[in-house]
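S.K.: Sequence:
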Amino acid sequence: MFRLVWPLLVIVLSGRAIYGQNSSYRIIGGSSVDIKQAPYQANILVDGSPCCSGAIISNGRILTAAGCVYGYPTSSVTVRVGSSSRESGGTLIKVCGINTHPQYSSSRYDNNLAILELCDPLTYSDSIKYINVTEKVPEDSSLAEVTGWGSTSWLGSWWDRIFGSLPDQLQGATVSFYNREQCANDISGWFWTWDYGVSDLTLCTYSYNRAACSYDIGAPLVKDKKLVGILSYGGCTTYPDVYANLIRFRSWLFERTAATEKATTKAASNATSTGTTSSKTTEKASSATTSATTPTTTSTTASPDPMIGK
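Using the numbering used here, the first residue of the sequence shown is number 1, and each one after it goes up by one.
Worth flagging that the hints you see were computed from the coordinates, not collected in a lab.
No false leads were mixed into what you were given.
Think about it this way: if two alpha-carbon atoms lie no more than 20 Å apart in a straight line, the pair counts; the simulated PhoX-like pairs of lysine-lysine are:
id	residue 1	residue 2
1	Lys-36	Lys-129
2	Lys-136	Lys-225
3	Lys-36	Lys-226
Now the in silico label distances, taken between C-beta atoms and shown as ranges:
id	residue 1	residue 2	range
4	Ser-199	Tyr-70	16 to 24 Å
5	Glu-87	Asn-185	37 to 45 Å
6	Arg-250	Glu-181	19 to 27 Å
7	Asp-126	Ser-31	15 to 23 Å
No residue lacks a Cβ here, since even glycine has one placed at the ideal position from N, Cα and C.
Just need the whole structure built from these sequences, with the hints factored in.
M.R.: Listed below in structure tokens is the structure:
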């Protein structure tokens with residue numbers, strides 16, 4: 001019995017068990033945010049239940065953490081956009097494709113990214129807009145904004161886990177970038193024995209009484225109105241928060257976008273050549289070919305430009 005209990009006690013006391021598949025993190029020490037202040041914010045639902053956040057990167061794609069959707073069929077995943085509320089309002093969109101980073105591992109924080117392909121294009125408004133990916137590496141101690149739905153205290157996160165009570169209003173907090181080497185040391189466990197993948201592929205933030213916590217992986221981290229990170233792990237103010245460092249994934253984002261664009265164009269071309277394309281499908285395919293890049297576009301497949309920060 002002692003041999004069984006002791007390892008479990010170590011994990012509980014250290015407060016640092018690696019997040020499992022489909023766990024999530026939420027904001028502590030934040031304040032209420034109107035969706036118009038963060039119109040790129042997306043709420044990811046799995047089997048109808050809100051569980052993660054994400055960022056709108058084009059009118060047909062949402063960027064989130066792979067750990068949120070890994071192992072689920074597309075039919076289980078939907079996205080709510082355009083609402084400050086966790087449970088209602090805005091627009092619900094079905095997901096028709098999930099592109100998980102090929103090197104994602106549930107035991108590590110790096111490569112924790114997935115692109116959700118929406119079944120229908122978003123219609124942009126004051127509360128629904130895409131956000132560009134950054135082209136700059138943030139400096140240590142500089143500030144950024146993180147947004148998500150969730151607990152406003154560390155104790156609240158445990159209450160939420162037990163009783164299922166979560167705040168409905170979108171929360172936001174200003175956080176400070178944290179030295180990566182120190183971050184790796186802080187979260188590596190006793191005697192620095194665990195490697196959670198904190199590297200140049202990740203960013204860390206740490207701020208007193210302001211952090212992500214339980215139930216919101218995938219939260220967007222924004223600096224100078226550009227998307228710099230997607231939350232992989234929330235430290236609940238006890239440990240640093242860890243994000244995917246998006247500037248290191250720009251090539252992957254572009255490649256996945258280009259591949260989807262090519263497949264969509266080919267499918268539309270094949271349908272047209274066989275005479276089976278309806279007038280509505282032809283119109284959408286034509287719209288996609290124009291590669292409109294302005295926020296008012298309604299093409300079925302968006303230009304890759306928003307994804308790579310141009």
